[in-house]
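J.: Below are the chains, spelled out letter by letter.
Protein chains: 4
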Amino acid sequence: MCRWLGWSGQPVIVEELLFKPKHGLVDQSLHSRMGVETTNGDGFGLGWYGQGDGPGVYHGVAPAWGDANLRELASHIESHMFLAHVRATTGTAIQQTNCHPFRHGRWLFVHNGVINGFEEMRRELMLAVAPELFAGIKGSTDSEVLFHLGLTFGLEEDPVAALERAIGLVEATAEKHGIENAIQASLGVTDGERLWAFRYSTEGKSRSLFVSAEAETVRELYPDNARLQRIRGEDRIVVSEPLADLPGVWHEIPESTVLLVQPGPDQQRPFQPR
Amino acid sequence: MCRWLGWSGQPVIVEELLFKPKHGLVDQSLHSRMGVETTNGDGFGLGWYGQGDGPGVYHGVAPAWGDANLRELASHIESHMFLAHVRATTGTAIQQTNCHPFRHGRWLFVHNGVINGFEEMRRELMLAVAPELFAGIKGSTDSEVLFHLGLTFGLEEDPVAALERAIGLVEATAEKHGIENAIQASLGVTDGERLWAFRYSTEGKSRSLFVSAEAETVRELYPDNARLQRIRGEDRIVVSEPLADLPGVWHEIPESTVLLVQPGPDQQRPFQPR
Amino acid sequence: MCRWLGWSGQPVIVEELLFKPKHGLVDQSLHSRMGVETTNGDGFGLGWYGQGDGPGVYHGVAPAWGDANLRELASHIESHMFLAHVRATTGTAIQQTNCHPFRHGRWLFVHNGVINGFEEMRRELMLAVAPELFAGIKGSTDSEVLFHLGLTFGLEEDPVAALERAIGLVEATAEKHGIENAIQASLGVTDGERLWAFRYSTEGKSRSLFVSAEAETVRELYPDNARLQRIRGEDRIVVSEPLADLPGVWHEIPESTVLLVQPGPDQQRPFQPR
Amino acid sequence: MCRWLGWSGQPVIVEELLFKPKHGLVDQSLHSRMGVETTNGDGFGLGWYGQGDGPGVYHGVAPAWGDANLRELASHIESHMFLAHVRATTGTAIQQTNCHPFRHGRWLFVHNGVINGFEEMRRELMLAVAPELFAGIKGSTDSEVLFHLGLTFGLEEDPVAALERAIGLVEATAEKHGIENAIQASLGVTDGERLWAFRYSTEGKSRSLFVSAEAETVRELYPDNARLQRIRGEDRIVVSEPLADLPGVWHEIPESTVLLVQPGPDQQRPFQPR
Numbered sequence: 008m009c010r011w012l013g014w015s016g017q018p019v020i021v022e023e024l025l026f027k028p029k030h031g032l033v034d035q036s037l038h039s040r041m042g043v044e045t046t047n048g049d050g051f052g053l054g055w056y057g058q059g060d061g062p063g064v065y066h067g068v069a070p071a072w073g074d075a076n077l078r079e080l081a082s083h084i085e086s087h088m089f090l091a092h093v094r095a096t097t098g099t100a101i102q103q104t105n106c107h108p109f110r111h112g113r114w115l116f117v118h119n120g121v122i123n124g125f126e127e128m129r130r131e132l133m134l135a136v137a138p139e140l141f142a143g144i145k146g147s148t149d150s151e152v153l154f155h156l157g158l159t160f161g162l163e164e165d166p167v168a169a170l171e172r173a174i175g176l177v178e179a180t181a182e183k184h185g186i187e188n189a190i191q192a193s194l195g196v197t198d199g200e201r202l203w204a205f206r207y208s209t210e211g212k213s214r215s216l217f218v219s220a221e222a223e224t225v226r227e228l229y230p231d232n233a234r235l236q237r238i239r240g241e242d243r244i245v246v247s248e249p250l251a252d253l254p255g256v257w258h259e260i261p262e263s264t265v266l267l268v269q270p271g272p273d274q275q276r277p278f279q280p281r
Numbered sequence: 008m009c010r011w012l013g014w015s016g017q018p019v020i021v022e023e024l025l026f027k028p029k030h031g032l033v034d035q036s037l038h039s040r041m042g043v044e045t046t047n048g049d050g051f052g053l054g055w056y057g058q059g060d061g062p063g064v065y066h067g068v069a070p071a072w073g074d075a076n077l078r079e080l081a082s083h084i085e086s087h088m089f090l091a092h093v094r095a096t097t098g099t100a101i102q103q104t105n106c107h108p109f110r111h112g113r114w115l116f117v118h119n120g121v122i123n124g125f126e127e128m129r130r131e132l133m134l135a136v137a138p139e140l141f142a143g144i145k146g147s148t149d150s151e152v153l154f155h156l157g158l159t160f161g162l163e164e165d166p167v168a169a170l171e172r173a174i175g176l177v178e179a180t181a182e183k184h185g186i187e188n189a190i191q192a193s194l195g196v197t198d199g200e201r202l203w204a205f206r207y208s209t210e211g212k213s214r215s216l217f218v219s220a221e222a223e224t225v226r227e228l229y230p231d232n233a234r235l236q237r238i239r240g241e242d243r244i245v246v247s248e249p250l251a252d253l254p255g256v257w258h259e260i261p262e263s264t265v266l267l268v269q270p271g272p273d274q275q276r277p278f279q280p281r
Numbered sequence: 008m009c010r011w012l013g014w015s016g017q018p019v020i021v022e023e024l025l026f027k028p029k030h031g032l033v034d035q036s037l038h039s040r041m042g043v044e045t046t047n048g049d050g051f052g053l054g055w056y057g058q059g060d061g062p063g064v065y066h067g068v069a070p071a072w073g074d075a076n077l078r079e080l081a082s083h084i085e086s087h088m089f090l091a092h093v094r095a096t097t098g099t100a101i102q103q104t105n106c107h108p109f110r111h112g113r114w115l116f117v118h119n120g121v122i123n124g125f126e127e128m129r130r131e132l133m134l135a136v137a138p139e140l141f142a143g144i145k146g147s148t149d150s151e152v153l154f155h156l157g158l159t160f161g162l163e164e165d166p167v168a169a170l171e172r173a174i175g176l177v178e179a180t181a182e183k184h185g186i187e188n189a190i191q192a193s194l195g196v197t198d199g200e201r202l203w204a205f206r207y208s209t210e211g212k213s214r215s216l217f218v219s220a221e222a223e224t225v226r227e228l229y230p231d232n233a234r235l236q237r238i239r240g241e242d243r244i245v246v247s248e249p250l251a252d253l254p255g256v257w258h259e260i261p262e263s264t265v266l267l268v269q270p271g272p273d274q275q276r277p278f279q280p281r
Numbered sequence: 008m009c010r011w012l013g014w015s016g017q018p019v020i021v022e023e024l025l026f027k028p029k030h031g032l033v034d035q036s037l038h039s040r041m042g043v044e045t046t047n048g049d050g051f052g053l054g055w056y057g058q059g060d061g062p063g064v065y066h067g068v069a070p071a072w073g074d075a076n077l078r079e080l081a082s083h084i085e086s087h088m089f090l091a092h093v094r095a096t097t098g099t100a101i102q103q104t105n106c107h108p109f110r111h112g113r114w115l116f117v118h119n120g121v122i123n124g125f126e127e128m129r130r131e132l133m134l135a136v137a138p139e140l141f142a143g144i145k146g147s148t149d150s151e152v153l154f155h156l157g158l159t160f161g162l163e164e165d166p167v168a169a170l171e172r173a174i175g176l177v178e179a180t181a182e183k184h185g186i187e188n189a190i191q192a193s194l195g196v197t198d199g200e201r202l203w204a205f206r207y208s209t210e211g212k213s214r215s216l217f218v219s220a221e222a223e224t225v226r227e228l229y230p231d232n233a234r235l236q237r238i239r240g241e242d243r244i245v246v247s248e249p250l251a252d253l254p255g256v257w258h259e260i261p262e263s264t265v266l267l268v269q270p271g272p273d274q275q276r277p278f279q280p281r
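Chains as they are written, first to last, in the numbering used here: chain R, 8 to 281; chain A, 8 to 281; chain E, 8 to 281; chain L, 8 to 281.
Just so you know, these hints were derived from the structure itself, not from any lab.
Careful, some of the hints might be misleading.
[Claimed, not checked] Keeping only pairs whose Cα atoms sit at most 27 angstroms apart, straight-line, the calculated BS3-like set for lysine-lysine is:
| # | chain 1 | residue 1 | chain 2 | residue 2 |
| --- | --- | --- | --- | --- |
| 1 | A | K27 | R | K183 |
| 2 | L | K27 | R | K145 |
| 3 | E | K183 | E | K212 |
| 4 | A | K145 | E | K27 |
Note that the coordinates shown come from a computational prediction; the quantities given were computed from them, not determined experimentally.
Working from the sequences, and respecting the hints, build out all of it.
T.: Given below as structure tokens:
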């Protein structure tokens with residue numbers, strides 16, 4: 008059911024987080040320890056801010072662990088903010104247009120989870136998308152529709168309020184159809200400056216989601232770890248599963264919570280669909 | 008804008024029609040002579056009736072001319088009825104779910120042409136699809152939506168009447184939006200027993216479409232052509248472009264006309280969207 | 008390190024063995040229980056004898072579990088003899104030319120295992136291939152070179168003697184280079200009439216390999232299993248891992264042994280590289 | 008038979024040269040005007056120097072005109088030196104390992120052309136590759152073998168002398184086999200600082216190759232062309248076909264000649280295989 012990783016901080020070569028850590032995201036594509044599925048081999052995506060206008064997006068349908076181009080890009084792209092995602096399909100086709108992150112203007116969106124009964128509700132949810140945004144839906148996933156519902160409700164102005172409404176709509180629609188546990192959603196959203204990480208599920212048993220501790224804490228905890236000693240300032244990693252067994256480094260984001268990573272103090276607050 | 012070929016008749020190894028003729032469909036993928044584009048390199052599809060239940064479908068995103076698997080399948084699949092299609096996208100993604108033929112139950116559908124202004128009308132046309140068929144739309148093409156509109160209007164009972172209504176709806180929607188020349192459509196539809204070939208465009212200047220002459224005529228015209236001497240009984244080829252320069256072998260299907268190839272005498276009649 | 012399956016017997020629709028059994032080969036691509044790796048997601052191949060001349064081959068680079076075309080082919084191809092293979096690369100590229108089965112004329116060849124130190128020995132082993140066969144090496148795997156060594160030593164006349172010499176050469180070359188445990192090899196070879204299954208490794212701890220029991224035995228053991236009741240005559244399945252937990256149905260092929268499945272009584276004899 | 012483009016100069020976003028010119032390289036993939044084939048749809052490659060260590064390489068098997076990832080990378084990668092290549096296979100498989108540029112350490116290599124009779128000479132030419140470089144040959148093209156012959160003869164020290172020897176060896180081998188017109192070769196070679204462009208063929212009728220004029224000349228010729236006004240200093244484009252019909256901007260590189268683009272005055276001298 009997917010794993011994702013977000014980075015916000017000093018510019019880094021992407022492979023530092025995808026490939027080099029012992030349990031980096033690409034390793035998670037083959038050996039996930041906390042996911043519903045151990046294998047996330049149904050495609051990969053990377054969205055990054057760096058050179059050129061707006062975010063760039065690379066979508067691959069091959070498993071991340073064997074994608075030669077991904078390895079090249081990861082070792083030759085530097086970014087201060089990126090989202091990466093490995094996919095385990097819940098049934099929809101393995102194609103680039105179904106790979107995360109989804110993009111709209113300057114915004115990127117990744118989702119780990121599922122809308123239950125999506126096939127049954129797809130038409131109704133797509134109808135709720137603003138007509139002028141409809142043509143932007145290129146694939147067939149529940150995640151892309153959720154993103155467009157968010158955009159419909161003003162994600163570009165207030166991501167939290169917009170996704171509360173979008174998920175509220177999904178839950179209301181599911182209830183109407185008699186579908187239980189409407190949604191599982193670990194979400195990452197960014198505009199290149201700020202990064203929102205959401206952890207929510209209708210049943211209150213959400214997919215795991217972690218954020219790295221303050222730079223200073225990390226450095227003090229592991230004075231002999233060369234990689235961690237390079238962490239500084241406001242560097243933050245958000246990830247579905249810890250990249251390594253490092254007690255003290257990873258803080259679980261609580262249930263029904265949204266974390267905002269931004270310049271200055273980060274914020275955490277309850278997330279309540281309506 | 009795509010090229011297609013349909014075969015109805017004695018069981019043949021598929022490559023006899025795709026690869027072996029001088030100007031077979033795979034050659035047309037690289038060197039189309041009558042198409043809007045000379046290159047149809049944005050994917051390929053084959054749907055056939057033979058072993059197993061219902062039609063099998065092979066969809067490839069690589070150009071037909073270089074697809075090693077297609078060459079294998081074509082030389083190892085025998086079928087009495089098949090549709091093959093080479094694609095030149097008018098903008099939608101190159102992915103298997105956008106490759107023709109589309110399938111519903113025992114039915115196959117191919118389209119050469121375009122719905123003009125589709126991006127603008129997509130939402131409205133998708134809404135007109137019967138809700139219970141909505142989940143069957145897996146890709147993002149105009150062609151697949153057209154097929155589902157046909158199914159909505161009863162294609163499985165009466166393909167001609169259903170597609171007259173479907174295309175009529177497209178034209179009415181286009182008119183409402185001030186879009187001219189709503190549709191270009193050379194269509195192939197089959198249930199494995201009968202094959203319908205439609206040639207229609209709003210502006211009355213439709214893509215080319217040809218059907219082969221009666222077996223006896225073909226054999227008499229070319230007594231020294233070994234391949235053509237094997238044509239017999241009710242064998243029929245329908246194709247966007249003649250497979251070779253053989254005067255007398257290829258009859259153009261007229262404008263605004265549908266041809267029904269079936270056991271017993273074939274039928275041809277006007278096609279009038281409403 | 009790959010898993011494979013061979014069928015010899017009455018004509019069957021391929022999916023009966025790849026997809027339908029509880030632990031069929033496609034399930035093994037995602038959840039292997041006896042392999043060195045649990046995931047075999049680096050490509051797939053099917054070689055079959057049926058319609059058309061000689062064996063057809065389908066090679067896919069996507070994981071078998073998510074390959075829509077594979078599902079189509081498996082449900083629409085009938086064959087009395089086929090080899091299927093799911094790949095877990097030991098380092099060489101994921102590309103169609105590296106997918107098994109490899110083919111030469113009427114012959115198919117699959118390999119589960121590895122030549123240790125292949126990168127170091129590749130040039131030397133390729134030089135040992137008969138010059139007229141050299142151009143037939145299209146990919147970069149150890150397996151394809153092993154097949155061509157077998158062909159060089161007369162595989163088409165006597166597969167067992169030829170592979171004893173080929174593997175003997177690999178072992179001698181490894182010894183010269185100071186490489187231990189030269190080869191792991193569970194091999195399947197067929198000409199469409201007979202099927203050879205080899206189990207051998209230099210260290211004497213070979214990958215698992217099983218053959219199904221006589222049809223009568225299978226039917227008597229499981230009188231209520233509809234699928235197994237259809238087994239008859241000389242039907243045989245050879246497979247890296249049992250397709251289901253059915254005590255009595257699967258016989259392990261012993262170490263350093265080759266099994267020949269053929270019309271009439273099968274044969275089993277020691278396999279001794281020289 | 009391929010088309011290629013090299014850039015050396017100020018850092019540019021890659022799409023400025025691949026996509027934006029009227030007849031940029033991606034347009035040449037679909038509508039080549041000077042090539043042997045009009046379609047170069049059998050894969051694409053980009054090698055660039057920028058962020059990260061050494062050159063990055065992106066290889067795609069889809070036609071360049073329809074590759075969504077290529078469009079993303081081109082608009083988000085900035086580089087002062089890159090080589091791009093669109094492929095039309097002369098028979099070898101369409102796979103990433105057959106895509107140009109080939110890389111060795113800091114070096115990149117592209118080839119437009121063919122070694123005639125390569126299948127017949129492949130074994131002999133591969134044997135001439137230094138054993139320690141043999142494992143670096145990952146694909147099956149003539150071009151990659153030519154590159155490795157160049158490396159064998161010291162390409163990293165003196166590219167011109169090394170390729171004179173490599174091509175001389177190819178010609179001598181062809182002569183021994185009675186093969187005429189041994190090689191067609193428009194070659195691009197770079198170490199990230201300097202760019203060598205070779206134009207040579209045994210028969211003296213080489214594929215076209217052009218270099219852009221001095222920046223000052225270009226700006227004076229087209230004072231109203233905003234793109235060309237940005238050309239400055241030592242910026243140079245080397246390309247198989249002019250990117251636009253701009254008299255005075257494109258100088259043909261003569262037959263049997265190698266051009267060296269470098270900091271300071273460029274050099275041009277005869278190229279004579281031995």
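J.: Now, for every hint given, state plainly whether the structure supports it.
T.: Quick rundown of the hints versus the structure:
no. : hint              : result
1   : A:K27 <-> R:K183  : violated, 57 angstroms
2   : L:K27 <-> R:K145  : holds, 24 angstroms
3   : E:K183 <-> E:K212 : holds, 22 angstroms
4   : A:K145 <-> E:K27  : holds, 24 angstroms
Checked against the numbered hints above, the structure breaks only hint 1 and satisfies the rest.
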